[in-house]
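S.K.: Okay, here's what each chain looks like letter by letter:
Protein chains: 4
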Amino acid sequence: MSDRIHTSIGGSTPDSITVAGRDLPSEVMGKLSLTELAYLLLTGREPSVGERRMLDAVLVSLADHGLTPIALAARMTYTGAPESVQGAVASGLLGSRIEFLGPAGDTAEFLAAVVSGDGDLVAAVDARIAADQRVPGLGHPVHREFDPRTPRIYELAAEEGVLGPHLALLETLPGIVADRTGKRLPINGAGAAGAALVDVGVPPSSVRGFVLIARTAGIVAHLAEEARDPIGMKLWQEVERRSST
Amino acid sequence: MSDRIHTSIGGSTPDSITVAGRDLPSEVMGKLSLTELAYLLLTGREPSVGERRMLDAVLVSLADHGLTPIALAARMTYTGAPESVQGAVASGLLGSRIEFLGPAGDTAEFLAAVVSGDGDLVAAVDARIAADQRVPGLGHPVHREFDPRTPRIYELAAEEGVLGPHLALLETLPGIVADRTGKRLPINGAGAAGAALVDVGVPPSSVRGFVLIARTAGIVAHLAEEARDPIGMKLWQEVERRSST
Amino acid sequence: MSDRIHTSIGGSTPDSITVAGRDLPSEVMGKLSLTELAYLLLTGREPSVGERRMLDAVLVSLADHGLTPIALAARMTYTGAPESVQGAVASGLLGSRIEFLGPAGDTAEFLAAVVSGDGDLVAAVDARIAADQRVPGLGHPVHREFDPRTPRIYELAAEEGVLGPHLALLETLPGIVADRTGKRLPINGAGAAGAALVDVGVPPSSVRGFVLIARTAGIVAHLAEEARDPIGMKLWQEVERRSST
Amino acid sequence: MSDRIHTSIGGSTPDSITVAGRDLPSEVMGKLSLTELAYLLLTGREPSVGERRMLDAVLVSLADHGLTPIALAARMTYTGAPESVQGAVASGLLGSRIEFLGPAGDTAEFLAAVVSGDGDLVAAVDARIAADQRVPGLGHPVHREFDPRTPRIYELAAEEGVLGPHLALLETLPGIVADRTGKRLPINGAGAAGAALVDVGVPPSSVRGFVLIARTAGIVAHLAEEARDPIGMKLWQEVERRSST
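Protein chains in written order, with the working numbering: chain A, 1 to 245; chain B, 1 to 245; chain C, 1 to 245; chain D, 1 to 245.
Chain A on its own, in the form it takes in the complex:
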C-alpha cells in the first residue's frame, strides 16, 4: 500500500488553493459559475455555451416541486433543531430517492447501458418487464398526461445542438412500453433530465449526485421560508390534535 492518498478534486497549501487542478482565485473565481465548476469536477473539462445552458436548464427543472416529502422533512427537522441548517438540509436530501430525484439517475443509467451496449432498447425494456422491474423515465403521480418540463428539455437540446443519443432513445420509449403493456405513459421531467445530462457529458453514474446540487438549492429556499413563515409547527400541532381526538 502506497503512503500517498490521491484526490484530483481539490487541495491547499498555506498560500494556495487548487480546485479541479486550477488555481482557485485566479482561474476559477470570477471565471466559472457553480454549474460550470460542478461539470468540470465531474468531467475534467468546461462545458460549451450550449452544454452549460442545458445543464442549468436541467438543474433549475429539478430544484423544487413545492411541499413534497423532501421539503416537509427538511421543515420538520428545522422545527426540531433550528440551530442546525445543515441537519435540516441533510434531512431533505435523505428523502430524495425513489419517487423524486432517483428517476433522473435511473433513466440515465438505463439508457446509457443501451447506448454503450448493443443499442437495442426494445430488448432492454423486455428484460425489465420480464424481471418485474419498473422501466424508468415514464409516468408521474401528478403530471399524468404530460410533464411540462419534457418538451422544454427537447426544445432546448435542439436549439443548442446537444440532442444526443440518450434523449433520442428516450423519445421512443413511450411507444415501446405502450406496445408491450398497453399503457401509454408520458416521458417524465426527471427522465428527460437524466437523458439530457448524459447527452451533454455527465457520467451516467454521477447523474444521481449531480441533481442533488439543484435540490439543495430548493431545500435551502424552503428553510429560509420556514424561518419566516413556519409550516412545520402548524402541521405538527394539527397532526397532534387530529391524532388525539
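Note that these hints are calculated values from the structure, not bench results. The model shown is predicted, which means the values in this text are computed figures rather than measured ones. Incorrect hints may appear among the rest.
[Claimed, not checked] DSSO-like mimics (lysine-lysine), calculated; alpha carbons at most 27 Å apart, straight line:
| hint | chain 1 | residue 1 | chain 2 | residue 2 |
| --- | --- | --- | --- | --- |
| 1 | D | K234 | B | K234 |
| 2 | C | K234 | A | K234 |
| 3 | C | K31 | D | K31 |
| 4 | A | K31 | B | K31 |
Place chains B, C and D on chain A using the hints.
M.R.: Only chains B, C and D this time, still in chain A's reference frame:
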C-alpha cells in the same frame, strides 16, 4: 387556524409547474442558471450581471477544500452504503459547521447586525471578547498568514461595483482585533464570502444555507472520484491495521 | 505523530471480537443488556441493579412522544426513499435537538457545572437570566402544569437509592426561577431525565448522545408503522391539496 | 380521506403520556428495559425472559466493530461540527448498510420468505445464484474462517429454547452454497443475528431498523471517546499531509 398552507417556493398542477412564482418551462428553464434561481428564491429578484458574477465567485470558492473531514465523512459513508448517494452527501453536509462553512454565516450575521444597528464594529468586537466568544471572519488553520480567496473577493467586488458596507467593515476587522488582542489574523475566505453575499443581497440568515449548495457540488465530485478510485476502504484498512497492532 | 490509532470501544481480529475490552461472545453476549453495554462503554463499568433500572426508566421515558416533528420527518423521508431505513432514522434523529431531546443534555450540563463547581444554583440561574439565556429543565409546550414523567423519576431514584445531587438540585430549581421571574414552571421530563442520568454516573457531556439511543428505538417503531399504515403520503397529498387551492 | 391521523406508537395529553398503549410513568418506566420497549413497539407484546436475553445478545453483538467506516464517518462529522451530536450520530448511521448492518436485515428477509413460503432453501439459493445476487448471511471480510458471534447465538438460542426455523434453516445454508459454488463460507454474525431476531418474533421487515438501535449505542460511545481523545483531526491532518506531498 386557516386550512390553507402557503409556500412561495414552488408548486404544480397536473399540467404546470411553478418555481418562485414563474412558469418553470417557459420562464425559468433556459433563462436562469442554478445560481440565479437560488438567488431569486431567497431574495425575490434576479441578480444583476455583477451580482451574479460575485455569487458564482463566492460559491466556487467554497465548493471544495480537498480531503477535509467533510469529504472524508462522505467517502466513509459511501464505503458503508454505496447504494445511497443521498446518504453520503447528507453525511458530508452534516460536518459543514464550525470549522468549515459555518464561518461564512457567522461573519454575515455578525457584520449585518453591526451594519443594520449602530455601525460600531469596535463595540461589537469588544462585546464578543468580553463574552469570551470568537470574532468571526479571521484566521484559518491552514492559511495562517494569508487566505488567497480574500483579495480575489475584494478585487471582484470592486470590478463589479458591488463592494458594499459588509465587505468594507470586514476590511477594518483585523486591525480592530489586533488592537484588542495583540494578534494579527488575516481575513479568511469564508468570512469574506459571507460579507460579499450580504453585500449582493443574500439575507444574512440565509448565508449558512446558501453556501451548502456549493458544498454539495464538491461532495458529489468527491463521491464520483471515490467510486472510481476509493480512499475510504484504504483508510479503513489502514486504521484497522494501526489500531490492532 | 505516532503511527498508532487507539480506541477502547471495540476491535476485531480474524477470530475474536472485543467490545469495551471484553470478549464479545463469552463476556458480553448473554450477559449484558443493550442498556448495560451502552453504560459500560460510556463509564468503563457495569451499572448496579438500581442504576440499571434507572437507566432503563429514563431511556423508555424518552423513546417516543407520538407524532412529533421527529417522527414526521422520519416518516416523510421514508415516503421519499423507502429503500433506505437508515436514512429515515437519521432524518428523525437530526430534529432531536432544541425542543425535544436537547433539554436532557442541557440540564445535565447545567446542573453538573453547579455540582462540580461552587454548588450555587441561585448564582447559576442569575447568570443565565442576565445573559438572556433559557434556564434548562423547566416548562413544556404540552405538559404545562405538570410533566407526568418527573415524579416517577424521583420516585424510582428514591426506591433504588440513586437520588443524587443533580436530582436534588433540580428539585429546587422551579422555586428559584419563580423567585426571579414570577413564573412557576414545572420540571420537565427531559430535565429530570438528564439529572437522573448524571446521578447514576453518565458523564454530563454524554447525556445528549445517550438519549439518542432511546429515540432511535422510537423512530424505528414509527417507520415500521409507516410501512404498514402510511401517514406520510396522506399528509403530503393533503398539504399539496391545501397549498394549491 | 378521514380527518383522523392514527398512530399506536405513542401520544400525550397535557397530563398523560402513552407509549405502546400503556401509561408511560406507571406501566413502562421502572417496568420495561429499552430492549423490551423496542420489542413491544414492534410486536405488540412483551418478550419472554428467554426472548429478551436473545434480543439483548443480538443487540450487543451488533453495537460496535471498532474503527469501521461507520465510526470514522461519525468521528469526522463530529470533527467538522462538534456542536451537533445528533448530526454525527446520523452520519454514522447513514453508512450502516451493505457491508455492516444490512446483512442482518437481508438474511432475515431471505430466510423468512423461505419459511413462510414453500420452505425450499435450495430453490431460493439457486434463484439468487441464477439472478447473480449475493446469498445473504455468509462470509465476512475479517472473520474469513469463522465468526465468533455465530456459535454463541446458536448456543444462547438453544439454552433459552428459542432456536426456531430461521436459525435452523440458516445452519444448512453453508452446505447448500458450497454444493452449488464450491466455496465454503461461514455463517456471519449479522446473518445469525437476523435469523435469531425473526425466531424470537421481530418482523423480518423490521430487523434492519431494530439493529440500528444497537449501532446508535456504539456510535455514541465512539463520539464520547472522540471528544476526549480525537482521531478525526489527526487522521485529517495526516491525509492532508499525504495528499499534498
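S.K.: Does each hint fit the structure? Answer for all of them.
M.R.: Each hint, compared with the structure:
In summary, the hint linking K234/D to K234/B is supported, as the alpha carbons are separated by about 16 Å, within the 27 Å threshold. Under the criterion of a C-alpha separation no larger than 27 Å, the hint pairing K234/C with K234/A is consistent with the structure, at around 16 Å. Under the criterion of a C-alpha separation no larger than 27 Å, the hint pairing K31/C with K31/D is consistent with the structure, at around 20 Å. A threshold of 27 Å between alpha carbons decides the hint, and for K31/A with K31/B the separation of about 20 Å falls inside it, so the pair holds.
Of the numbered hints listed earlier, not one is contradicted by the structure.
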